[in-house]
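> Listed below are the residues making up each chain.
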Amino acid sequence: MAGGVTDYAAISARVRAKSADLLTPQEMARLSEAPDFLSLFNSLKNTAYGPYLEGLKDKEINSRRVITQIKRKLADSYYSVIQMTPVQTRPLVKQLYRYFEIINLKAVLRGIVTVSAWNAEIALWDRVREVLFPLGPASVLPAQAMVESGSVATAVDLLQGTPYEEALSFAMKRYSAEQNLFPLEVALDLSYWRRLWAEAKKLTGSDREHGVRIIGSLLDMNNLMWAIRYRVYHKLSEEEIINYTLPVGYRVQDSDIRAIAAGADIASVITRLYPGIPDVNALLENPQTGLPKLEILLKRQILKQCQAAFVGSPFHIGIPLAFLVMSDLEVQDLIVLIEAKSSELPDDEYRPFLLKTDLLS
Amino acid sequence: MFFPEAMTEVELIVPSKDLLAVTKVLGNHGVFHQIDSTYLGLENLGPNTWQEKAASYSTLERRIQVIMQNLNLPEKYSGTSDFDSIADLEPLQSAVDRIESEAKQTSDQLTAEKKILEQLESQLHQLEPIADTNVDVGALRKSRYLYSVIGIMPADQVSRLETSLSRVPHTFFTLREDPKRPVVWLLGPRSNSDIIERAVKSAYLNPLTLPEEFEGTPAEISTSLRKAIETSKQKISELNGALAKLADTHKQELYQLLWDVHASRMIADAIARFGQLRHTYVVVGWVPSAELEPLTQRLKQASREILIEAIPIERSGHHSNVPVALRNPGLLSPFELLVNTYARPRYEEIDPTILIAVTFPLLYGAMFGDVGHGLVLAAIGWFLSRKSSLGGLLVACGLSGTIFGFIFGSIFGFEEILPHHPFFGRFVLIQPMHNILQILGIAIGTGIVLLTFGYLLNLYNAVRARDWGRFFFDSNGLAGLIFHWSFLLIFASALLPGFPIPTIVFVILAVLSVLLCVVFSEPLKHWMEGHYPLIEGSIGIFIVQAAAELLEKVISVFSNTMSYVRVGAFAIVHAGFTGAVFVIARLLSGGEEAGFVYWAVVVFGNLFVIGLEAFIVAIQTMRLHYYEFFSKFFTGGGSAYEPLTLANVQEK
Numbered sequence: 001m002a003g004g005v006t007d008y009a010a011i012s013a014r015v016r017a018k019s020a021d022l023l024t025p026q027e028m029a030r031l032s033e034a035p036d037f038l039s040l041f042n043s044l045k046n047t048a049y050g051p052y053l054e055g056l057k058d059k060e061i062n063s064r065r066v067i068t069q070i071k072r073k074l075a076d077s078y079y080s081v082i083q084m085t086p087v088q089t090r091p092l093v094k095q096l097y098r099y100f101e102i103i104n105l106k107a108v109l110r111g112i113v114t115v116s117a118w119n120a121e122i123a124l125w126d127r128v129r130e131v132l133f134p135l136g137p138a139s140v141l142p143a144q145a146m147v148e149s150g151s152v153a154t155a156v157d158l159l160q161g162t163p164y165e166e167a168l169s170f171a172m173k174r175y176s177a178e179q180n181l182f183p184l185e186v187a188l189d190l191s192y193w194r195r196l197w198a199e200a201k202k203l204t205g206s207d208r209e210h211g212v213r214i215i216g217s218l219l220d221m222n223n224l225m226w227a228i229r230y231r232v233y234h235k236l237s238e239e240e241i242i243n244y245t246l247p248v249g250y251r252v253q254d255s256d257i258r259a260i261a262a263g264a265d266i267a268s269v270i271t272r273l274y275p276g277i278p279d280v281n282a283l284l285e286n287p288q289t290g291l292p293k294l295e296i297l298l299k300r301q302i303l304k305q306c307q308a309a310f311v312g313s314p315f316h317i318g319i320p321l322a323f324l325v326m327s328d329l330e331v332q333d334l335i336v337l338i339e340a341k342s343s344e345l346p347d348d349e350y351r352p353f354l355l356k357t358d359l360l361s
Numbered sequence: 001m002f003f004p005e006a007m008t009e010v011e012l013i014v015p016s017k018d019l020l021a022v023t024k025v026l027g028n029h030g031v032f033h034q035i036d037s038t039y040l041g042l043e044n045l046g047p048n049t050w051q052e053k054a055a056s057y058s059t060l061e062r063r064i065q066v067i068m069q070n071l072n073l074p075e076k077y078s079g080t081s082d083f084d085s086i087a088d089l090e091p092l093q094s095a096v097d098r099i100e101s102e103a104k105q106t107s108d109q110l111t112a113e114k115k116i117l118e119q120l121e122s123q124l125h126q127l128e129p130i131a132d133t134n135v136d137v138g139a140l141r142k143s144r145y146l147y148s149v150i151g152i153m154p155a156d157q158v159s160r161l162e163t164s165l166s167r168v169p170h171t172f173f174t175l176r177e178d179p180k181r182p183v184v185w186l187l188g189p190r191s192n193s194d195i196i197e198r199a200v201k202s203a204y205l206n207p208l209t210l211p212e213e214f215e216g217t218p219a220e221i222s223t224s225l226r227k228a229i230e231t232s233k234q235k236i237s238e239l240n241g242a243l244a245k246l247a248d249t250h251k252q253e254l255y256q257l258l259w260d261v262h263a264s265r266m267i268a269d270a271i272a273r274f275g276q277l278r279h280t281y282v283v284v285g286w287v288p289s290a291e292l293e294p295l296t297q298r299l300k301q302a303s304r305e306i307l308i309e310a311i312p313i314e315r316s317g318h319h320s321n322v323p324v325a326l327r328n329p330g331l332l333s334p335f336e337l338l339v340n341t342y343a344r345p346r347y348e349e350i351d352p353t354i355l356i357a358v359t360f361p362l363l364y365g366a367m368f369g370d371v372g373h374g375l376v377l378a379a380i381g382w383f384l385s386r387k388s389s390l391g392g393l394l395v396a397c398g399l400s401g402t403i404f405g406f407i408f409g410s411i412f413g414f415e416e417i418l419p420h421h422p423f424f425g426r427f428v429l430i431q432p433m434h435n436i437l438q439i440l441g442i443a444i445g446t447g448i449v450l451l452t453f454g455y456l457l458n459l460y461n462a463v464r465a466r467d468w469g470r471f472f473f474d475s476n477g478l479a480g481l482i483f484h485w486s487f488l489l490i491f492a493s494a495l496l497p498g499f500p501i502p503t504i505v506f507v508i509l510a511v512l513s514v515l516l517c518v519v520f521s522e523p524l525k526h527w528m529e530g531h532y533p534l535i536e537g538s539i540g541i542f543i544v545q546a547a548a549e550l551l552e553k554v555i556s557v558f559s560n561t562m563s564y565v566r567v568g569a570f571a572i573v574h575a576g577f578t579g580a581v582f583v584i585a586r587l588l589s590g591g592e593e594a595g596f597v598y599w600a601v602v603v604f605g606n607l608f609v610i611g612l613e614a615f616i617v618a619i620q621t622m623r624l625h626y627y628e629f630f631s632k633f634f635t636g637g638g639s640a641y642e643p644l645t646l647a648n649v650q651e652k
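Residue numbers (the numbering used here), protein chains in the order written: chain U, 1 to 361; chain L, 1 to 652.
I should point out that these hints are in silico values taken from the structure, not numbers from a laboratory. Predicted model, so just to flag it, every value in this text is computed and none were measured. The C-beta atom is built at its ideal place from N, Cα and C for all residues, glycine as well. Please note that a few of the clues may not be correct.
Examples of chain U residues lying across from chain L (beta carbon under 8 angstroms, computed) [to be verified]: (1) ALA17; (2) ASP21; (3) ALA29; (4) PHE37; (5) PRO51; (6) GLU54; (7) LYS57; (8) ALA153; (9) GLU165; (10) ARG174; (11) GLU239; (12) PRO247; (13) ARG251; (14) ASP256; (15) VAL331.
Only some residues are given here: those of chain U computed to face chain L with a beta carbon under 10 angstroms [as the list claims (entries may be wrong)]: (16) ASP36; (17) GLU60; (18) MET84; (19) VAL87; (20) ARG127; (21) GLY150; (22) SER151; (23) ASP189.
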């Protein structure tokens, strides 16, 4: 316990102070009532995101630029939490942060394929750069060089010495044969989550208990959604679904994934795992609209799990992890809002996809 | 020292002919914080050529780096040449083209040959586990009833592959164990080949691919592969020799090219962010006001026709875009670090470094009051100060602990030596263990003073920012201060007999002020700022939010004040802790207050107390500052001051 106190006293105090900056459900509800994108932008300037938005000039105020600036706050949160995290748990937080690098890597690969498909002569680095998460020097990706290489094979060659080399080396053979990014992206996802889970399992004591709970919950959601999507959208076979998912998790067990892969009723599996989620059958009637809603409901379960981490002893990795996950979910909410307001979507089309406002009800 | 350094916004109109000279001065002087002023330029001048130049130099620089890598040359610059003028792109490009084409052919051949070698070695490596098998691999491929796959796969995926085939009859062998890339052999009925194929593919099992020319048993194929490997190695050695010759020939030229391109790119990058007019450029940025004069003189030396407009920025109003340069004496650097860990001050607000330099050691010392422990901590801090700025913090806290040790009459836990000493006895003012209620009262009193000071600082910041909504109606503004004091005085008037003012007066004041600073704070602030609608969102949400904030405010006023009890509590705990050390020492030495065991326990017990308390007290002190004190007046969120520096390009 003394170790926990000495390790976590400072970070716990700091993270609690930072978590006061997270938007409350009431603030999120108020933001969602902004009549248009510009009003939303002005309201956001009065929140903790303000300092990140104030530097934007009038002509830069567009949804993509604002989203990038908002992500910068998340990147800063990760950076400061990683700096303060005790040595024994830091690899876990660093690995969690790599999620954004995986997203960037996928964006880079998609960028290369898109350019090749268009047969464009100019490199689209500037366009790709706009959609990358602002990881800054924390990233090991030679993103610009990859984009400018113009070929997926050369770009993957540039990843030598990075944590992605191994996973992609196996998947590249399939890419060469199929000319489809799907095997590369699945390989990256599986490798990322395996490493993250392994880091969580390396922890001891209450770090392990809380780490496994939060990471496991994230893994549960992803694993479950993968299995469902592979079956419903991609119509993959049982053996493929099993190979493209993971046999670990906090609440979702391998038997659940295998049941979905083997053709069991998806709604009954979900209802058994998450009794609190209502009307799963209705959601799955129309997978096109139902599955994104199901994902939101699962994310709300994670949000509650994270909020619970703040209760009780504060001397464990659960609080920093929960704070980072909550910050990420908040950014996801804001992205929904920004995209919705800038494309002038009616309220009822985007509100079901907001995580936080649900906590008001 | 009390505020970030005064900044001046500088706008330069630079004639095109003096562009490079001016950029050079800005970069060399190292005080100019450049901001992107491209938006000030004319848009009808076409694309920003400097951006294109910067991109071209950048591409060229990468090409040179790749050539150097291919030629096994270390990346370095040549000589100390200055950058009086930006290097012409065309000659540089043709020089790079020339060397690249010379190196490329050999380098491409080498890469291709290395790939062949790698493939051959990999095939040989994969065959090793089945080298003793007397089976014709080609025949296996052609089997009528058996479907067989030999290959490498990710180790993590092995168990998943087996799971995925659990409903199909199959046999799975690991031919070579490897923590990352095991060689495996999967066999199943050909009638299930479609399922096995899907499983193999989705498990990323890469089947062993032997070229058609390799026939026979694994042993026979291995012999053929070894011969091919020898031939390939020979070729690689010859190609490496050719590259080494090329490297020797072009080494100096490449170093010079790299420097020219690198320096030119740095300048082009800076200029690309200038606003381009028809015959001039607009450069905008920030300079510390104290540095303005010397910079102006140097700029005028570089360009006679330059126009310089300097706009000193007052600290009133909001200035979120002004970079913040903190200039505190070196001694205060550990405290500046503490402040920056919380947030960088905004330009218009007070830099709390000097305040924290007083209050942090004060609160720390009060909780860690012991002459001996304080001196030990200061000594450790002094030792560490050569390596880390945190050492200075420990010295200050240790010395403060020493002073409080004299006031509390405690030295290494001995509570009776100092009070009875003829000289030091006069400094002992209060002993925590003997005056528990008084020490807790003093702690709360100190907290009230600090919190009130925090409110006053917030009022001062609001006045400077001319933010009158914040001044009057912020929860830490005037109404907040009145509420805080009314709340405390309700207790004082109710508990203290003979208090001159009736409690009801404070109750009324508290209710009125809390309405202003919490419930109607937002609408009132909006009203003062002329911002409509006064209430954003629905009335329902407003009421729910107001109720929640009201509850939070009441709790926080109480908890903020009571939080300072910990200062007194830790002073008492410190005395109690060391007292326990002496009790244990006496127990272990058989009731004697002498002997080796007694003194060993006393020494180690003291070291334990120093180690444990030094850390816990640091956390508590940080908490008191970050949570209670800073939250009253310090907003933070200022942007960093990052001056343009071209001078250190060579060092980089």
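> Hint by hint, which ones does this structure get wrong, listed from lowest number up?
The structure conflicts with hints 2, 4, 8, 9, 13, 14, 15, 16, 19, 20, 21, 22, 23, although it agrees with all the remaining ones.
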